[in-house]
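Enquirer: Sequence:
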Amino acid sequence: MTRQIFALALSVLLVALIGPRQAGASERIPRVGILFIGGKDQPHLASFKQGLRELGYTEGKNIILVYRYAEGKEERLADLAAELVREKVDVIVTTSAISALAARRVTRTLPIVMTTGNPLATGLADSLAKPGGNVTGLSVMASDLSVKRLELLKESFPKRTRVGALWSPRDREAEIQFKETEEAAKVLSVRLHQLGITSADDIDRAFNAMTKARDSALVVILSPLVTLNSKRIVELALKHRLPGIYPTRQFVEEGGLMAYGPLIADLYRRAATYVDKILKGRTPADLPIEQPMRFDFIVNLTAAKQIGVTVPPNVLVRADKVIR
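Numbering-wise (the working numbering), the sequence shown opens with residue 41 and increments by one.
This list has only true hints and no planted wrong ones.
In silico PhoX-like cross-links for lysine-lysine, where the CA-CA straight-line distance does not exceed 20 Å:
{"#": "1", "residue 1": "Lys113", "residue 2": "Lys271"}
{"#": "2", "residue 1": "Lys345", "residue 2": "Lys279"}
{"#": "3", "residue 1": "Lys170", "residue 2": "Lys320"}
{"#": "4", "residue 1": "Lys320", "residue 2": "Lys89"}
{"#": "5", "residue 1": "Lys80", "residue 2": "Lys113"}
{"#": "6", "residue 1": "Lys226", "residue 2": "Lys199"}
{"#": "7", "residue 1": "Lys89", "residue 2": "Lys317"}
If you anchor each label on the Cβ, the simulated ranges turn out as follows:
{"#": "8", "residue 1": "Gly348", "residue 2": "Arg148", "range": "49 to 59 Å"}
{"#": "9", "residue 1": "Ser239", "residue 2": "Thr147", "range": "20 to 30 Å"}
{"#": "10", "residue 1": "Gln331", "residue 2": "Glu94", "range": "13 to 23 Å"}
{"#": "11", "residue 1": "Arg93", "residue 2": "Arg334", "range": "12 to 22 Å"}
{"#": "12", "residue 1": "Met333", "residue 2": "Ile104", "range": "28 to 38 Å"}
Since the hints were made in silico from the structure, they are not lab data.
No residue lacks a Cβ here, since even glycine has one placed at the ideal position from N, Cα and C.
Using the sequences plus the hints, can you model the full thing?
Expert: Laid out in structure tokens, this is it:
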């Protein structure tokens, strides 16, 4: 009897020591697909990884990130999303509303987390409070900021009343922003010259059209197309000596004059919290979509010098950041 009790105790001890180790070894590491509309040069990916680290995730250790890049080719997004589904990822993180739409065309069940976009304008959610489908995440509220940008441009350069508006007519969100900018232009007595672009090849032609029309300033309306070509847009604005206001600080950090908008890096960091909640069992349909809490106004005085303009002190004092 004593020998039987000893054998039983030894078995219990071995299960206690070895069992958890075996369970841990067989535990599946969560896989998160990230669908980029751009290429591998992603300025905000570090912020998303930072958000994951703050929640206890380390890439390659207790979470696997699966990357897919469309390299600016919108038509590739659906195929790349399908690849992520075949990779058996647990959630797809998208870097634009266009990417989220492409992913949702492929799957209506796999959770999708947006980092930026307008989910209501694009039909990705029933409401911000109750998305209702398999898409949730962050909204940039881009359409609500267009008027403010034009006001800042007019206040900075009141005599420059002919303004070129660079936008992408193929983008539903950009269309809403353009219409709001158009209405604001009427109130501010600004003559708005609409310059629709559908590809990178149109950008040079748009700036040449602004020169012929004698436009004296520039407003850029947010869309993936302009973001992917931000450096080229900024270079041409400087070349044509056009003071411009841009939708995100990325443009100004690349040499543009002014920007007003949400902190995109902050949205990417917050997207990690959605991934965490979904991995822990929450459903996208019940996760409210967040609106940005932080906005910033940034001015590049080096660009002002290159263009040959002076940003008034009353505008400059309101800047959250000034590049000198």
